[in-house]
Amino acid sequence: MAIKDYIRGRFFPHMWCPGCGHGIVLNSLLRAVEKLGMSKNEIVMVSGIGCSARISGYVDFHSMHTLHGRALAFATGIKMSRPGLNVIVPMGDGDAMAIGGNHFIHAARRNIDITAIVMNNRIYGMTGGQYSPLSGVGVMATTTPYGNIDHEFDIVEMARAAGASFVARTTTYHAKQATDLIRQAIIHEGFSVVEILSQCPVQFGRRNKGGSAAEMMETYKTNTTPIGSKAKKENSDLIERGIFVQKDIPEYCNEYDKIIEQAMKGQ
Amino acid sequence: MSKKNVKFIQGNEVCAEAAIYAGLDFFAGYPITPSTEIAEHLAKRLPQRGGHFIQMEDEISSMCAIIGASLTGSKVMTASSGPGISLKQEAIGYAVMTEVPCVIVNVQRGGPSTGIPTHGSQGDVMQARWGCHGDHSIVVMTASNHQDIFEITVEAFNIAETYRTPVILLFDEIVGHTRERVVIPEPGEIPLVERLRTSVKGGVDYHPYLPREDGRLPMSDFGSVHRYNVTGLFHDMWGFPSTKPEIVYGLLRHLTDKIENRAGQIARYKEYYLEDAERILISYGSSARSALHVVENRRARGECLGLLELQTLWPFPSEVVRRKCLKAEAVVVIEMNMGQIVQEVKKAVEQPEKIFLANRFDGVFITPMDIINILRVIKGKGV
Chain A
0 MAIKDYIRGR FFPHMWCPGC GHGIVLNSLL RAVEKLGMSK NEIVMVSGIG
50 CSARISGYVD FHSMHTLHGR ALAFATGIKM SRPGLNVIVP MGDGDAMAIG
100 GNHFIHAARR NIDITAIVMN NRIYGMTGGQ YSPLSGVGVM ATTTPYGNID
150 HEFDIVEMAR AAGASFVART TTYHAKQATD LIRQAIIHEG FSVVEILSQC
200 PVQFGRRNKG GSAAEMMETY KTNTTPIGSK AKKENSDLIE RGIFVQKDIP
250 EYCNEYDKII EQAMKGQ
Chain B
0 MSKKNVKFIQ GNEVCAEAAI YAGLDFFAGY PITPSTEIAE HLAKRLPQRG
50 GHFIQMEDEI SSMCAIIGAS LTGSKVMTAS SGPGISLKQE AIGYAVMTEV
100 PCVIVNVQRG GPSTGIPTHG SQGDVMQARW GCHGDHSIVV MTASNHQDIF
150 EITVEAFNIA ETYRTPVILL FDEIVGHTRE RVVIPEPGEI PLVERLRTSV
200 KGGVDYHPYL PREDGRLPMS DFGSVHRYNV TGLFHDMWGF PSTKPEIVYG
250 LLRHLTDKIE NRAGQIARYK EYYLEDAERI LISYGSSARS ALHVVENRRA
300 RGECLGLLEL QTLWPFPSEV VRRKCLKAEA VVVIEMNMGQ IVQEVKKAVE
350 QPEKIFLANR FDGVFITPMD IINILRVIKG KGV
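Sequence lines, in order, name chains A and B.
Under numbering that gives the first Met the number 0, the first residue of the first sequence carries the number 0, and numbering increases by one thereafter.
Under numbering that gives the first Met the number 0, the first residue of the second sequence carries the number 0, and numbering increases by one thereafter.
Keep in mind the hints are simulated off the structure, nothing from the lab.
Possibly wrong hints are sitting among the right ones.
As the list claims (entries may be wrong) - With a cut-off of at most 30 Å between alpha-carbon atoms, the simulated DSSO-like pairs for lysine-lysine come out as follows:
(1) B:Lys326 with B:Lys346
(2) B:Lys378 with B:Lys257
(3) A:Lys257 with B:Lys43
(4) B:Lys243 with B:Lys2
(5) A:Lys175 with A:Lys34
(6) B:Lys378 with B:Lys345
(7) B:Lys200 with A:Lys3
(8) B:Lys43 with A:Lys264
(9) B:Lys346 with B:Lys269
(10) A:Lys3 with A:Lys34
(11) A:Lys34 with B:Lys326
(12) B:Lys200 with A:Lys39
(13) B:Lys378 with A:Lys264
(14) B:Lys3 with B:Lys243
(15) A:Lys264 with B:Lys243
(16) B:Lys326 with B:Lys269
(17) B:Lys380 with B:Lys257
(18) B:Lys43 with B:Lys6
(19) B:Lys3 with A:Lys264
(20) B:Lys269 with B:Lys378
(21) A:Lys34 with A:Lys246
(22) A:Lys231 with A:Lys220
(23) B:Lys243 with B:Lys257
(24) A:Lys3 with B:Lys346
(25) A:Lys220 with A:Lys175
(26) A:Lys257 with B:Lys3
Kindly generate the complete structure, drawing on both the sequences and the hints.
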């Protein structure tokens with residue numbers, strides 16, 4: 000199926016700003032789905048609120064645009080009642096790590112077979128550039144007029160510690176790697192997290208000397224490196240890309256099927 | 000009636016059994032007094048019939064999970080009490096906006112805040128009606144004894160499916176924790192409403208949010224041939240976000256009219272000795288038990304006292320109340336709060352000055368004596 004057949008033309012033009020990284024993530028996601036040859040009827044996309052969340056409207060899957068931070072909770076209900084469906088949850092950094100942080104760690108702990116794609120642009124874009132839990136110390140935002148003193152989360156470490164069985168990271172500069180990681184995350188049986196660093200030139204770049212969209216992407220090229228590379232050993236400030244966790248542990252819906260079997264036997 | 004159908008159980012367990020009878024497929028919840036037994040009972044019972052139970056990480060996610068599950072075609076429910084219901088409010092509004100059938104049980108305890116978790120109250124009547132931001136309508140039902148809890152719970156599922164709306168079951172600690180006899184009906188004894196699904200074939204444009212002439216909207220399960228968008232934003236007939244004034248106006252009108260214009264059809268109530276009643280008691284939920292006791296006791300002495308027991312609280316059955324109270328000299332509303340339904344009764348009747356309130360809000364079950372004292376005051380006698 001052609002990539003454009005996965006898109007709802009009626010919903011376009013999209014609402015993202017020029018230079019936004021989220022369109023690249025959408026592109027990578029659709030290519031991953033195309034490579035997997037999945038039927039559109041088998042996919043449910045559930046999103047929360049924010050720029051990233053608007054992806055769910057643009058794709059021709061079963062789609063649900065829910066409440067800020069709660070997408071994984073809605074997704075859990077869908078997945079558990081219809082385990083045969085592939086459930087994909089695009090999230091922003093505020094959506095996933097601030098208001099939705101609790102749902103994120105518990106979905107990871109259960110290891111329910113949902114794919115979370117966290118588009119990390121380190122800012123609340125839709126509301127006009129407030130600092131997020133991923134902004135980091137020193138970042139300028141509309142709510143940090145004197146500079147940010149909040150420490151940031153590391154999404155990969157958070158997902159790993161909470162029990163996610165597939166954890167990966169890449170950037171919008173590395174679009175092909177993003178496609179590959181999303182593809183692997185979708186076929187992985189268990190809770191999978193793909194963090195994609197995604198530029199927000201309008202709300203983040205502008206206030207933090209990030210430069211244009213192209214320059215911000217260029218930075219993703221220079222400040223990231225494959226996991227365990229020689230470059231990382233020489234420069235610990237580099238951000239690693241690749242698959243951090245990939246393990247085969249019991250998946251929640253499969254385990255619940257066993258509960259049903261056991262309960263029915265007792266009847 | 001087979002002997003195994005007769006049970007002596009808690010009201011909370013009756014509610015859980017009735018939900019199963021109604022076809023419950025999916026329950027998500029979080030522990031909270033005094034509703035926890037509903038979750039405990041369903042954790043055991045649901046998987047026995049292939050259903051799914053999950054204890055979520057909080058009250059918010061429980062509400063969200065049932066909405067997600069409902070969209071796949073499941074009949075769904077969650078249960079909680081005051082503080083938990085406060086947390087669920089945003090998602091209840093989402094279910095209203097997206098027209099997702101679901102049942103929410105509130106086994107009331109005293110509030111505000113943590114309040115008095117182990118004691119009864121009826122303080123959430125207005126929260127049930129208005130507990131979410133924005134104009135909206137919702138259905139709220141209650142019952143005073145176990146047989147009625149069973150029937151009203153099944154009815155709640157039927158109404159949720161018929162009107163594509165959240166339905167709140169507003170029970171309280173007293174009926175929830177009372178043990179009494181209940182007869183579980185045979186399958187088929189109470190009719191069940193199944194979800195109206197679209198007959199539009201795959202490949203043909205399906206409009207998930209275009210009401211039919213009768214106001215109903217046939218659904219399509221997530222996973223079937225129609226892929227559509229569900230959003231909490233104001234949306235058009237495809238479920239696509241819109242800020243057009245005519246779309247915003249039209250949707251809000253539809254969401255409220257589909258409930259308010261059917262108040263008569265949704266109204267459930269019971270009446271005792273109303274035909275010749277000179278004085279009428281109006282009550283609901285557990286406090287109606289004391290009211291009924293007073294009425295039967297006074298009737299035995301020849302007094303013309305009657306009881307109107309409301310089972311649908313919202314949309315408020317104004318027409319029923321107005322009609323039944325036309326000839327009464329005095330009407331006493333009995334409730335365990337500072338006076339919530341009494342205000343609605345005053346709005347509904349033609350002579351609000353004849354409406355009185357007998358209430359308690361100290362965490363103690365209202366007694367027949369509390370009601371009798373008010374009746375004496377109305378008659379001009381001392382307490």
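Against the structure, the hints:
At roughly 16 Å between alpha-carbon atoms, Lys326 of chain B and Lys346 of chain B fall within 30 Å of each other, so this suggested pair holds. Distance hint between Lys378 of chain B and Lys257 of chain B is unfulfilled; the C-alpha atoms sit about 43 Å from each other, more than 30 Å. Of the pairs offered as hints, the one joining Lys257 of chain A and Lys43 of chain B holds, with about 14 Å between alpha carbons and a cut-off of 30 Å not exceeded. For a cut-off of 30 Å, the pair hint linking Lys243 of chain B to Lys2 of chain B is broken: about 60 Å separates their Cα positions.
In summary, the hint linking Lys175 of chain A to Lys34 of chain A is supported, as the alpha carbons are separated by about 12 Å, within the 30 Å threshold. Between the alpha carbons of Lys378 of chain B and Lys345 of chain B the distance comes to roughly 20 Å, so the proposed pair stays at or under 30 Å and holds. Among the hinted pairs, Lys200 of chain B with Lys3 of chain A is consistent with the structure: their alpha-carbon atoms are about 23 Å apart, no more than 30 Å. Of the pairs offered as hints, the one joining Lys43 of chain B and Lys264 of chain A holds, with about 13 Å between alpha carbons and a cut-off of 30 Å not exceeded.
Under the criterion of a C-alpha separation no larger than 30 Å, the hint pairing Lys346 of chain B with Lys269 of chain B is consistent with the structure, at around 21 Å. Distance hint between Lys3 of chain A and Lys34 of chain A is fulfilled; the C-alpha atoms sit about 14 Å from each other, no more than 30 Å. For the given pair, Lys34 of chain A sits about 75 Å from Lys326 of chain B by alpha-carbon distance, which is inconsistent with the 30 Å threshold. For a cut-off of 30 Å, the pair hint linking Lys200 of chain B to Lys39 of chain A stands: about 16 Å separates their Cα positions.
This hinted pair does not check out: Lys378 of chain B and Lys264 of chain A have alpha carbons roughly 63 Å apart, beyond 30 Å. Note on Lys3 of chain B and Lys243 of chain B: the hinted pairing is violated, with a Cα-Cα distance of about 58 Å set against a maximum of 30 Å. Taking the CA atoms of Lys264 of chain A and Lys243 of chain B, the gap is about 55 Å. The hint is violated against a cut of 30 Å. For a cut-off of 30 Å, the pair hint linking Lys326 of chain B to Lys269 of chain B stands: about 18 Å separates their Cα positions.
A C-alpha spacing of about 47 Å is found between Lys380 of chain B and Lys257 of chain B, which places the hinted pair above 30 Å, so the restraint is violated. With a C-alpha separation of about 17 Å, the suggested pair Lys43 of chain B and Lys6 of chain B falls inside the 30 Å cut-off, and the hint holds. Under the criterion of a C-alpha separation no larger than 30 Å, the hint pairing Lys3 of chain B with Lys264 of chain A is consistent with the structure, at around 20 Å. As the CA atoms of Lys269 of chain B and Lys378 of chain B are separated by approximately 26 Å, the hinted pair is consistent with the 30 Å bound.
Distance check on the hinted pair: Lys34 of chain A and Lys246 of chain A sit about 23 Å apart at the alpha-carbon level, within 30 Å; holds. For the hint linking Lys231 of chain A to Lys220 of chain A, the alpha-carbon distance of about 13 Å falls within 30 Å, and the restraint holds. In summary, the hint linking Lys243 of chain B to Lys257 of chain B is supported, as the alpha carbons are separated by about 21 Å, within the 30 Å threshold. In summary, the hint linking Lys3 of chain A to Lys346 of chain B is not supported, as the alpha carbons are separated by about 57 Å, beyond the 30 Å threshold.
Of the supplied pair hints, the one linking Lys220 of chain A and Lys175 of chain A holds, its CA atoms being roughly 13 Å apart against a limit of 30 Å. Restraint check: the Cα-Cα separation between Lys257 of chain A and Lys3 of chain B comes to about 28 Å, which is no more than 30 Å; the hinted pair holds.
Consistency note: the structure conflicts with the earlier hints numbered 2, 4, 11, 13, 14, 15, 17, 24.
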